[in-house]
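Using the sequences and the hints, build the whole thing.
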Amino acid sequence: MFLESKEEVIIEKEEFKPLIVAFCCNWCSYAGADLAGTSRQNYPANIRIIKVPCSCRVNPNFVLRAFQNGADGVVIAGCHPGDCHYSTGNYFTRRRLTIFTNLLDYIGIERERLKVDWISAAEANKFASVMNEVLEKVHKLGPNRKLRDVRWKR
Amino acid sequence: MEEITLKTREIAYKDLSTGKVDRVIGFAKGDFIYESNPTFISDIDELDALVWDSFCVNNLSKYLINELKDVKKIGIFLKGCDSLGFNQLVQDNKVDSDNVLVYGVPCEGMVDPNKLKKDNLLKGLIDIKRSGEKILLITKQGDKELKAKEYEYDKCINCKHPNPVVYSELLGDYITRNNNVVDDFQEIKEIEAMNSEERFDYWSKQFSKCIRCYACRNICPVCSCDKCIFENYEPGISGKGKVDSEDQFFHIIRAYHVAGRCVDCGECSRVCPEGISIDKLNRKIIKDITEIYGEYDAGLNTSKSSVLVNYELEDFDPFESIKGGK
Amino acid sequence: MKKITLDKLSELYIRISQEYDLFVPSDEEGVVSFTPWKDDSNVDFDVLKTNLSPKSFIFPQCETLFNFKSEGKKLSIERLKNDENKFLIFGVRPCDVKAFHLLDNVFLREPMDRLYEEKRNRGTIISMGCIEPEDTCFCNSFNIDPLCAQKGVDVFTLKIKNNIFWKVETQKGRDLTVMLSGLLEEASEDDLKEIELVKESLNSKLEELPYFNIDPQKIDRSLIELFESNVWDEISKSCLGCGSCTYVCPTCHCYDIQDYDGGKGGERFRCWDSCMYSDFTLMAHGNPRTTQKERFRQRFMHKLVYYPNNFNEYACVGCGRCVEKCPVNMNIVKVIRELGGENK
Amino acid sequence: MARIGVFVCWCGSNIAGIVDVKEVAKEAAKMPGVVLSTDYQYMCSEIGQNLFKNAIKEQKLDRVVVAACSPRMHEATFRKAAESVGLNPYLVEIANIREHCSWVHKNKVEATEKAIALVRAAVAKATLNQELIAGEIGIEKRALVIGGGIAGIQTALDIADAGYTVDIIEKTPSIGGKMAQIDKTFPTLDCSACILTPKMVDASMHPNINIHTYSEVEKVSGYVGNFEVTINKKARSVIMEKCSGCGVCIEKCPSKKTKSEFEEGLINRKAIYTPFPQAVPNVPVIDREACIKFKTGKCGICKKVCTAEAIDFEQENTKIVQKYGVIIVSTGYDLMDLDRFGEYAYGEDPDVITSLEFERLTNAAGPTSGKLLRPSNHKKPEKVVFIQCVGSRDNTCRGKTYCSKICCMYTAKHAMLIKEKYPDIEVHVFYIDIRTPGKNFDEFQRRAVEYYGVNYIKGMVGKVFPDGEKLIVSGVDTLIGETIEIDADLVVLAVATKAKDDAEELGRKLSISTDTNNFFTEAHPKLRPVETHSAGIYLAGACQGPKDIPETVAQASAAASKAIILLSKSKLVNNPCVAEVDEALCCGCLECTNICPYEAISSKTIEIREHGKIVKKLVSEVNEALCQGCGGCTVTCRPSAIDLNGFSNKQILAEVDALCF
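These protein sequences, in sequence, are chains A, B, C and D. Position 82, counted from 1, in the first sequence is what this note's numbering calls 96; the numbers after and before it change by one each time, with no gaps. Position 95, counted from 1, in the second sequence is what this note's numbering calls 102; the numbers after and before it change by one each time, with no gaps. Position 40, counted from 1, in the third sequence is what this note's numbering calls 55; the numbers after and before it change by one each time, with no gaps. Position 561, counted from 1, in the fourth sequence is what this note's numbering calls 745; the numbers after and before it change by one each time, with no gaps.
In case anyone wonders, no lab produced these hints; they're calculated from the structure. Any given hint might turn out to be false.
To be verified - Some chain C residues well away from chain A (every beta-carbon gap over 10 Å; in silico):
1) K96
2) H116
3) E240
4) L241
5) K252
6) D294
To be verified - Under 10 Å between C-beta atoms, here's a sample of chain B residues computed to sit facing chain C:
7) N121
8) I218
9) C220
10) R224
11) E238
12) G246
13) K249
14) E274
15) P280
Beta carbons: idealized from backbone N, C-alpha and C, even for Gly.
Right, here's the structure in full:
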């Protein structure tokens with residue numbers, strides 16, 4: 015019995031491939047991701063990027079939908095405040111997501127699962143390290159069941 | 008009958024008869040003594056129906072949206088909390104304040120029939136009088152004096168705005184309420200103190216009670232969209248399925264949609280047939296905004312746009328993890 | 016007539032729950048609703064109106080009709096296997112039982128609704144009469160006797176002092192009673208007398224109820240007259256258009272059918288809908304009822320006119336839940352009055 | 185049902201080396217709506233593009249997905265190709281399986297899995313893509329150059345020569361900038377003024393160039409092709425048109441207490457002054473802070489002596505509002521201030537000077553008419569010590585992390601200038617490294633050492649302190665590993681260059697970004713060095729990073745040619761991915777208007793039928809020419825009435841769903 019359960023634990027750990035959905039702004043973070051590629055950085059393949067024009071395009075609906083459909087973590091990355099291609103977009107992002115991440119945390123979603131950061135087009139290293147960091151944390155937390163829509167089949 | 012009732016009739020008579028307003032929105036008694044209902048009066052002969060007592064809990068201001076499509080000028084009776092909602096409606100361009108005469112009514116707090124019922128005080132109730140922090144029940148079995156705080160609506164107990172923040176006429180004098188509130192956000196902090204598992208259990212239990220009747224939304228003075236995203240399935244954002252994830256989605260997004268605009272009138276929680284403490288979501292956001300962006304002022308004025316459509320260059324930034332760039 | 020003393024109830028619950036999924040009215044955080052019985056459930060037989068009506072046992076707010084799997088471009092439909100578990104609801108009030116019957120009219124006529132039928136068959140109903148009607152009760156306006164078993168009840172009970180009296184009504188009820196033999200004892204002569212007294216005292220209590228004079232029979236205008244009547248403009252004004260009345264109502268039975276696309280698969284489900292909502296009966300061309308007035312009218316015309324035209328019964332049982340729950344205290348009683356349904 | 189074609193590119197082995205492209209194509213074929221799925225070595229090659237075009241024609245594809253490199257590389261390529269065969273370019277979607285997949289992942293199985301997911305997302309999005317037609321906007325055939333240094337002048341001249349009107353805005357009373365202060369230029373040692381002033385004159389004479397000196401940018405609105413700039417022309421107190429530039433007013437002005445900015449404060453100037461003799465325009469300006477008339481109301485001598493009656497004390501700041509098609513930023517640089525570098529005794533001892541001050545000291549037109557004298561006692565120094573990298577390549581918070589690039593060369597130049605004139609003066613140079621890349625640069629520096637015998641010491645200076653008449657410079661010679669002390673008469677600091685203090689503020693006005701050091705950031709460090717991320721705004725000179733004159737001039741001409749390319753177009757197509765309002769859903773709260781950075785959203789009142797009644801309704805309205813498509817408005821919109829073409833709510837949700845598949 016004891017042995018069995020132990021095995022299960024191991025299997026569970028091996029099988030858990032976290033899914034991370036990353037929203038990257040076209041001008042900085044997406045370009046940063048490109049540069050990470052050009053400079054052959056390395057980060058886990060479970061990170062899937064969606065291009066948005068600006069971090070201020072990311073609607074909380076999108077984040078929740080990702081969690082509903084089985085994402086274990088969500089990343090939102092934009093230009094550094096002050097560097098927004100649209101000059102002020104990410105200032106609004108910053109406020110909205112400050113409130114929204116707090117709200118999710120309050121509802122009981124671990125903060126580590128929703129990562130917001132500023133990554134410039136030049137910060138290939140940062141892009142990779144942020145992604146690795148997120149993945150590591152999410153992996154520690156294990157699969158996300160919260161907000162999950164039971165009807166969604168993966 | 009309370010004199011304030013007479014005042015409401017006087018002013019309504021004055022303004023209706025002089026044509027200053029075409030219609031007044033106020034309260035009339037319902038089937039039970041502990042029931043005062045919204046009423047719409049355009050005819051001075053019907054003014055005797057107007058009352059003002061300890062059960063005028065509803066915020067009438069949202070009715071202005073439709074009524075103003077009907078008539079030009081409206082007089083409306085608003086309490087402190089109502090007036091905040093009114094301002095927000097003006098801010099959202101739902102109501103043109105030029106067409107509204109606000110009769111402000113200072114409010115000592117409204118009495119919750121359900122609390123009376125729980126203590127079995129409704130039986131044989133004839134009338135109820137309010138004076139300061141005491142309520143006097145006049146019943147067939149005789150009179151009974153009660154501590155007001157114990158029988159007020161929860162939302163009234165820590166009322167911050169007993170007096171209207173906007174009005175063209177004030178009925179009665181300003182009221183100061185002695186709220187011996189130690190910490191405004193005590194209950195929020197209690198939830199924050201839990202670990203994330205406990206918090207999630209707490210909230211999913213609350214949310215799963217939801218029957219999606221949308222009473223919370225429809226009573227809310229800042230939920231004034233013509234077509235709510237939760238009544239429009241075309242964009243494929245939300246569905247009708249009664250599953251936890253949908254309920255959670257509804258409540259999170261509802262709270263987010265009123266973020267920075269919620270006037271904390273507590274109506275959402277009052278009307279929830281399942282007794283979900285919805286305001287604890289709104290108040291969490293209010294707490295954060297107050298702590299991060301300073302004094303929370305939704306509903307206090309109609310000039311400033313809400314927190315989330317503003318920014319400061321030096322806003323607090325909780326996100327930057329690994330330093331780099333700027 | 017049998018009886019059981021309150022102290023034996025928990026024994027009774029245990030016995031029942033061995034055979035059935037047992038649901039009892041229990042108080043959680045001040046809200047009384049039918050929940051699965053647990054040995055620590057706080058059972059409450061004094062509150063008449065459970066927060067939600069028990070209709071959700073036979074007509075859940077949301078139920079899957081079938082699942083589908085999608086592989087590449089192909090879709091395949093998967094039948095659901097039905098749930099075999101027998102369930103038993105203890106303490107359903109006569110008004111709510113009547114409501115079951117009103118739903119049967121709709122769902123059990125041809126073409127029969129199999130999902131509904133299947134649940135109806137799995138369920139056993141132990142009803143309980145009301146000896147202390149509340150201010151908001153007006154079942155008598157619909158000729159419901161709060162002390163008599165309604166059609167479809169398997170066992171009818173009455174809670175008087177610390178006895179629960181037990182009257183078998185159907186075969187289902189009989190089987191259950193057999194199963195519980197030993198727990199239930201025969202009611203004595205005195206008991207029967209006491210019951211009679213209770214019955215007599217009730218009438219006076221009913222007469223004192225604020226809504227005693229409500230009588231839909233008195234509404235004498237024709238469908239068209241009522242439909243065209245301008246009372247609707249006035250009384251619908253304060254309606255917020257929320258769905259609380261429809262969702263707490265034991266007789267409202269409108270539903271919507273939607274599909275959920277769940278990636279590799281999905282499901283078609285039906286869920287409660289409310290005539291109060293702007294998207295109710297939404298069609299390709301748009302919505303037939305664009306104003307709240309029209310939606311409001313629909314609800315009460317349905318309960319007081321359309322349904323009776325089809326089934327010779329009103330689609331309201333006077334439970335009074337809507338009276339308690341409406342955020343603005345607009346309810347069917349006021350509507351009936353406005354339409355002239357009151358004994359002067 | 186859509187007819188989608190999927191094209192998976194190998195990119196040689198760049199993608200195919202890690203991602204199983206065949207597998208990806210095979211999986212894509214199964215996705216709903218996909219009628220064709222294929223792979224090819226180089227989709228961007230001509231053969232690849234033909235394959236792509238033919239497939240669209242033959243298979244009647246109405247959507248296409250190209251799984252290849254980043255859209256930032258080839259999206260435009262495939263959109264063009266699609267357009268050429270009659271498919272709306274916005275029906276093309278790119279799945280980035282190179283930069284975001286094959287290049288960052290090692291595990292072939294995982295990479296292939298991910299590639300399939302990315303393709304699924306692209307297919308899901310493409311299914312919802314709409315035909316988008318780009319609108320056209322006219323171009324204001326006029327250029328604005330901000331900053332009248334050599335960069336600005338060169339840019340202006342080139343654009344003007346191409347036949348377009350150019351306005352130069354210069355903050356100081358004269359154009360010329362830093363180059364005008366410099367004595368000689370490396371590596372040729374030809375006279376700076378001699379090559380600059382002709383250009384200044386050309387600029388002032390050029391029929392297509394207007395120069396606004398003593399002016400600043402106040403506000404910038406609009407967008408590429410149609411910028412609207414408000415210029416604040418500060419009151420000069422001298423009427424340009426009337427002034428003959430005789431200079432009598434300056435002569436007679438009694439106020440002498442102000443340090444001359446041009447002379448780096450080595451001497452004073454009058455309250456009414458022209459920065460330097462060759463100033464363009466050669467019209468003085470009254471410094472109202474210094475002017476006695478303005479301070480006390482008395483005086484006014486200048487007005488009395490001015491025969492041209494050009495003096496006007498009542499003159500006020502004027503605002504000019506002007507439309508421009510393009511803007512070139514050439515605001516230049518400054519020297520870092522040294523208050524954090526006490527060890528060099530700069531500011532405490534007059535004989536410690538900056539390199540720019542030295543330029544003035546050796547300049548024939550300078551305060552000492554070119555004679556090298558110690559500021560303290562006007563004696564000829566015997567020993568001069570140059571200290572390089574003062575604040576440059578400094579990782580502490582005091583200095584700048586970057587190399588200021590020009591110091592090695594000008595220090596060598598300075599050393600040579602001294603040796604040339606006074607072979608007897610001992611010259612020592614402290615340096616960390618010598619960096620002299622560039623044509624004839626290294627030869628130049630070596631000449632200083634080998635021919636002129638300048639003593640180069642590899643090491644930093646720890647302290648400079650006065651010792652009687654002398655200055656003791658104590659530092660380390662890292663080559664011999666000993667501390668050495670030199671009793672110098674003059675110490676010249678090669679102070680780090682820095683971006684202008686108001687660069688960030690200007691950047692915000694123009695909505696172009698600045699980097700960690702507040703230098704303006706170019707659109708791409710290699711491929712778009714003179715463009716910014718804001719279309720129609722270009723960079724020239726040291727405002728983008730430390731540069732010497734030849735580089736600055738080269739970049740200036742480059743920026744000019746970019747500007748000319750744009751101005752020469754008859755029309756601009758604007759980005760059709762703009763916000764759109766569904767008036768039926770819009771509830772008129774107008775929160776969207778509050779956040780739009782381009783003021784592209786306004787409101788209007790429409791009349792709608794609401795059950796029989798005609799009612800007025802307030803709704804938002806998007807100006808497609810102004811909207812830049814950030815999408816911020818869509819999130820403020822609670823009923824989702826405002827949506828973004830090309831990145832609609834539905835499209836993004838579809839992508840999320842697909843990635844979670």
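| Checking against the hints above, which ones are violated? | The structure breaks none of the hints.
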